[in-house]
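Please work from the sequences and hints to get the whole structure.
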Amino acid sequence: MGNCSSTSSSSSRSANVGGSLVVSNVNSESERGERSPATGAGGVPRVKLVLLGDTSVGKSCIALRFVRKTFDESSKVTVGAAFMAQTVKVDDTTVKFEIWDTAGQERYASLAPLYYRGASAAAVVYDVSEPSSFEKARYWTRELQKHGSNGIVLALVANKVDLPESARAVTREEAEKLAAEEGMMLFETSAKTGDGIQECFERIAKAYVAQ
Amino acid sequence: MTLTPPPSDSTASTPAMPAPMASPSMCEQPAAAAAAGGGGGGGSGGAAGGAAGGPVLVVEPGPSCGYASSGSPLTLQPLTPKSDGSGVLATAGETAAASDGKGLPRMSSGLETRESAFDEAIFGGDAADIREVRRLASLGVPDGDPCLRATVWKLMLGYLPPERNQWDDVLAEKRAQYLEFERHVTVSFEERCGGSSGSGGGGEEELTREAASDDPLSTPLRSKKKSDSKWAEHFADEATREQISVDVLRTRPEMHFFNGESGPAALARQAEMRRALFVYAKLNPGTGYVQGMNELFAPLYYMFSLADEAQAKAKGRDATAQSNGDGTKGSAPRSEPPPPSAAEADAFFAFVSLMSEMRDCFVKQLDDTSVGVKALMARLMEIVEAEDPALHSRLEGVSGGANDSQDDISPTGKLAARFSSAWSAFSASSQQYVRNLRERARGGSASEGNATRGSRAASLSKEMEANRRETENMRGRVDPQFYAFRWITLALTQEFTLVDVVRLWDYLLAAEPLCVVERLLRLCASMLLRVKPMLVNADFPTCVKLLQTYPLEPTEELCEDAGSTDVVAVLLRGAFRMET
Numbered sequence: 001m002g003n004c005s006s007t008s009s010s011s012s013r014s015a016n017v018g019g020s021l022v023v024s025n026v027n028s029e030s031e032r033g034e035r036s037p038a039t040g041a042g043g044v045p046r047v048k049l050v051l052l053g054d055t056s057v058g059k060s061c062i063a064l065r066f067v068r069k070t071f072d073e074s075s076k077v078t079v080g081a082a083f084m085a086q087t088v089k090v091d092d093t094t095v096k097f098e099i100w101d102t103a104g105q106e107r108y109a110s111l112a113p114l115y116y117r118g119a120s121a122a123a124v125v126y127d128v129s130e131p132s133s134f135e136k137a138r139y140w141t142r143e144l145q146k147h148g149s150n151g152i153v154l155a156l157v158a159n160k161v162d163l164p165e166s167a168r169a170v171t172r173e174e175a176e177k178l179a180a181e182e183g184m185m186l187f188e189t190s191a192k193t194g195d196g197i198q199e200c201f202e203r204i205a206k207a208y209v210a211q
Numbered sequence: 212m213t214l215t216p217p218p219s220d221s222t223a224s225t226p227a228m229p230a231p232m233a234s235p236s237m238c239e240q241p242a243a244a245a246a247a248g249g250g251g252g253g254g255s256g257g258a259a260g261g262a263a264g265g266p267v268l269v270v271e272p273g274p275s276c277g278y279a280s281s282g283s284p285l286t287l288q289p290l291t292p293k294s295d296g297s298g299v300l301a302t303a304g305e306t307a308a309a310s311d312g313k314g315l316p317r318m319s320s321g322l323e324t325r326e327s328a329f330d331e332a333i334f335g336g337d338a339a340d341i342r343e344v345r346r347l348a349s350l351g352v353p354d355g356d357p358c359l360r361a362t363v364w365k366l367m368l369g370y371l372p373p374e375r376n377q378w379d380d381v382l383a384e385k386r387a388q389y390l391e392f393e394r395h396v397t398v399s400f401e402e403r404c405g406g407s408s409g410s411g412g413g414g415e416e417e418l419t420r421e422a423a424s425d426d427p428l429s430t431p432l433r434s435k436k437k438s439d440s441k442w443a444e445h446f447a448d449e450a451t452r453e454q455i456s457v458d459v460l461r462t463r464p465e466m467h468f469f470n471g472e473s474g475p476a477a478l479a480r481q482a483e484m485r486r487a488l489f490v491y492a493k494l495n496p497g498t499g500y501v502q503g504m505n506e507l508f509a510p511l512y513y514m515f516s517l518a519d520e521a522q523a524k525a526k527g528r529d530a531t532a533q534s535n536g537d538g539t540k541g542s543a544p545r546s547e548p549p550p551p552s553a554a555e556a557d558a559f560f561a562f563v564s565l566m567s568e569m570r571d572c573f574v575k576q577l578d579d580t581s582v583g584v585k586a587l588m589a590r591l592m593e594i595v596e597a598e599d600p601a602l603h604s605r606l607e608g609v610s611g612g613a614n615d616s617q618d619d620i621s622p623t624g625k626l627a628a629r630f631s632s633a634w635s636a637f638s639a640s641s642q643q644y645v646r647n648l649r650e651r652a653r654g655g656s657a658s659e660g661n662a663t664r665g666s667r668a669a670s671l672s673k674e675m676e677a678n679r680r681e682t683e684n685m686r687g688r689v690d691p692q693f694y695a696f697r698w699i700t701l702a703l704t705q706e707f708t709l710v711d712v713v714r715l716w717d718y719l720l721a722a723e724p725l726c727v728v729e730r731l732l733r734l735c736a737s738m739l740l741r742v743k744p745m746l747v748n749a750d751f752p753t754c755v756k757l758l759q760t761y762p763l764e765p766t767e768e769l770c771e772d773a774g775s776t777d778v779v780a781v782l783l784r785g786a787f788r789m790e791t
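In the order they appear, the protein sequences are chains A and V.
When we follow my numbering, the leftmost residue of the first sequence carries the number 1, and every step to the right adds one.
When we follow my numbering, the leftmost residue of the second sequence carries the number 212, and every step to the right adds one.
The hints are simulated quantities; they were obtained by calculation from the structure and are not laboratory data.
Be careful, since some hints might not be right.
Said to hold, decoys possible - Estimated spans, in silico, between C-beta atoms of each pair:
hint, chain 1, residue 1, chain 2, residue 2, range
1, V, Q377, A, A169, 53 to 63 Å
2, A, S166, V, T708, 24 to 34 Å
3, V, F334, A, G194, 28 to 38 Å
4, A, E165, V, K756, 36 to 46 Å
Don't be surprised by glycine CBs; every beta carbon is placed ideally from N, CA and C.
Encoded structure:
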């Protein structure tokens, strides 16, 4: 809870105000077919979510923490993308996340469209101790604004907040500014301790359902 | 047993080397035209002899070095000596029989036969019979003696020449050459800035001062262009090192051999892997270091290290025996730790050779060309289609199979199905065309006209591709990029345990030069065919999950053969079947 920054804590929608998402939200009903509309067995809505971000910011660890509730510092290098599924309950609806955990290195960036195309949600991850990863987050955000589905739920995820404050190289203000400008929810997480992870996905699910 | 720690940290200063780069074989080669023997070719650098190691690598059937020395978690899987009458690959059954399940080689008659066949092929004449070695290795190298597999791999990758009397010289030369490379690329920043004039003189103080004046934050006193680029290179190198470091830490951490927490030997190995990958990245600026190369390097390095350790052990025994006899030799070996270990240097060159086969997969710019990884995935689908149309239909998300998933009933779905089959027809013919083109290009004679036609076909297929993608979600098409991208790029290293990878690589590396990838695709197709029963009726997420975590154990759904406990034998049988 406490890890959720003020940008998103009031309402997941509020962060969207002023962002280009508002515009696309208007169309989202009619355009919904563009997002993966699939429902699995039992009518549980399937939400395709893509994790994007620079190499070594913790994308795989976030996914593993959410899906398996574990932390493995030495998880393998991601090549291409890894696929995981996990259901989450919001209020009285259950949503099944189909998560594409993409490879972060430049060589693999050109493959990302296959994963974010048709995605209903995207989490752009950066490492709070690594300014270059925040720049990369800007890049991915722009990509998603340009090529993502209409009505895609966007989240900016500041990972590794377990690091001491002195190691923090990207300020909360910078992140809040970007999130507000781009109409993204903002989360602070630590895949290592688990802080903020569950909440991050739950709120994304909520935003998806609300649409 | 323990490898000696690396002689120096990779950032340690070494005398500046004048610019001349690696021998041609080490430098960038035009992609796709790279010769398989890339690492084996004429080494010009490095004085022969005098290098660490000297005469190594004598594969004697005698003192078998055995696997699984203490500390190594490698235990051979209890393989059932199942020669299930299928006939194909009966020899794999023999290989399997080589293990008694306790990680110790057992001298069964089958193993002896296989080992003596290798023995004959390698040591029967003055030169090893490479064709025969390849043929034998395709069926599997006996697991008992790591020295045998190491030698076979080195021969097949062109690192060792067939002529045995050249081995010692070649190894000494290559290892010395590697040392030169290593020294050249790990030049410290001070040396890079200070030593560029060619004079190494001036003393450390001066170098440091010069470097300090190049600090981008300091006031510019003179032309900064040169130093700027030096700084840029410096930062790029640091980034590469960091990336490699992070990846080496997470290379096969499940094995004591690689996991730094298991002790100093493993830490030393990690240092060696970092260094070798960095040297590769620096000598191949076109590809640089790409994540995943760590996974390709690991099996080579592991195999060669095991062999060297086993050999050192055997030698140690000999030395002890000898010193008991004449009392002179006993203590010598430990005194001077060879700078990079022989295994590091050997693995480096073997890696270069392997990369000449695999490199196109690592180059983003080639993704949409006929040699890039996407073309390979398309080729994989062709193989699957030829082998099993029903499986192919499922993967492509085309309805028409006996029982389709519930996703298939929508009108859009039917439309998509019709489109998809039209697409298949088109793609089959265009891919045939591209394949012809590729083969001609390999022969080095693709004319310009062909190239233009090729690019037109490519743009057409791009459009078709885009249309097809539209339908993907509702059709449940399982794009090969979702699983085969990793299978191919990493040559299956992340799909199997290292013990299995090593056995699969026997088959892969036994391919004729430039044919490794073709064999790899056959193995991939074989993997798909094995799990077909689990795929045909499954929905998209189930398929993707299954293929991303490939089942190594038999499951109920698999037919008896495919469900055999020895997954490698099953896959190899499948691949062989496709070959004939």
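Against the structure, the hints:
1. Q377(V) to A169(A): 53 to 63 Å: holds, 54 Å
2. S166(A) to T708(V): 24 to 34 Å: The hint (24 to 34 Å, Cβ to Cβ) is violated, given that S166(A) and T708(V) are roughly 41 Å apart.
3. F334(V) to G194(A): 28 to 38 Å: Because 58 Å falls outside the window, the suggested range is violated.
4. E165(A) to K756(V): 36 to 46 Å: holds, 39 Å
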